[in-house]
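Using the sequences and the accompanying hints, generate a full structural model.
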Amino acid sequence: MRFTPPSVADVLAGLTARFGDLESSTFRGQTRVVVPVSSAFDVLAALEESGFDLLVDVTCVDYLEYPGATHRYGLVYLLASTSTNQRLTVRVFVDDPDPTVRSVVSLWRAADWLEREVWDLFGIRFTGHPNLRRLVMPEEFTAHPLRKDYPLQGRGERHNFPVITRDHS
Amino acid sequence: MAVMPSGSGGRIELPENVVVSRLDALANWCRKNSLWPMPFATACCGIELMATGAAKHDLARFGAEVFRFSPRQCDLMIVAGRVVMKMLPVLQRIWQQMHEPKWCISMGACASTGGVFDTYAVVQGIDRFIPVDMYVPGCPPRPEQLIQAIIDLQDKIQREGTISGREFDTSGRQLRKRALVEITAPLTADASRNPLLQRELAAAADALADRN
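Protein chains in written order, with my numbering: chain A, 1 to 169; chain B, 1 to 212.
Any given hint might turn out to be false.
As a list, the in silico SDA-like pairs of lysine to any residue whose alpha-carbon atoms are at most 20 Å apart [as the list claims (entries may be wrong)]: (1) B:Lys-86 with A:Glu-117; (2) B:Lys-56 with B:Pro-71; (3) B:Lys-86 with A:Glu-140; (4) B:Lys-86 with A:His-159; (5) B:Lys-56 with B:Pro-143; (6) A:Lys-148 with B:Ser-164; (7) A:Lys-148 with B:Ala-202; (8) B:Lys-86 with A:Leu-152; (9) A:Lys-148 with A:Trp-119; (10) B:Lys-86 with A:Leu-12; (11) B:Lys-86 with B:Thr-42.
Hints are computed from structural coordinates only; laboratory data are not their basis.
What follows is the structure, given as structure tokens:
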């Protein structure tokens, strides 16, 4: 029997009934829904409750200088259901100054390090996160290097170390 | 000390099995033929480093096969691969934990210059922060090149080494490397094409006007 992935249309319909009209699109069987930041946590909680038990990824895109962009940062939540094989992408857009969104660690434990990484590299604050520290950059780092206005070669952080010569080693 | 026999005219007669040398040369000969590498392998150069130590290329031929993973047992650090800024304090700590006399080989383009990784996180050459004796070009270098570097390092130890390590007092002779001049260019965006950027620039201008 050929495997046919279940559609997420009914999930979308449920969301629309509860949260009003949400922008969504489908490309090659992958469905994407855009959620305003004010109701993002509630939508994600509803999705978690309706069976999306796996948070595959949380990541971010910086749309500075992107043609036609209306927001600076676009968060990406990739959800999956291990029982029905459904997949859903949730987009949440946030803006400067102080881009903030509510943490989903209480829904999926997997969000812990994912949100820390997004905070580290993009500077998106996740309120309610139990331990929002840098994940990959050194703790004393101050910038968020994957922002588009951060220079590729950095601001001299990579040269900011003591020099050990033969005399004191 | 050989006893000077009477009536020999100041010449010392040595038994056949005694060889006379300088103490420095003897120490250098011992040191150069028993280099114990500390493999600081962070990337693909580390694979070539392993190949160098393995059977086919057989670093044991040059007395340098005893890879130890404790810096306290090593006297040759081989930095094989790129070093990021989070790793550099670790590298420096390990270097300081090694016993004197010690040497360092910077293996490959990344360890020597940062290589293609000219980015915010990658150190642009470990010799900016720790002393380096030999540089091996290549991306990654072949085992033969690393072996050549070790042979050259052996020559250097034999030529320059002293038992007291005087050759390491180099600060007076060495030129400090100049740090790279960083590009601090502002965001070069064409605001006319981008409504989002126009809005941000306008907001920044408003904020500036408010503050004034």
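Next item on the list: Would you pick out the hints that fail for this structure and give their numbers low to high?
Entry: Hints 2, 6 and 10 contradicted; others consistent.
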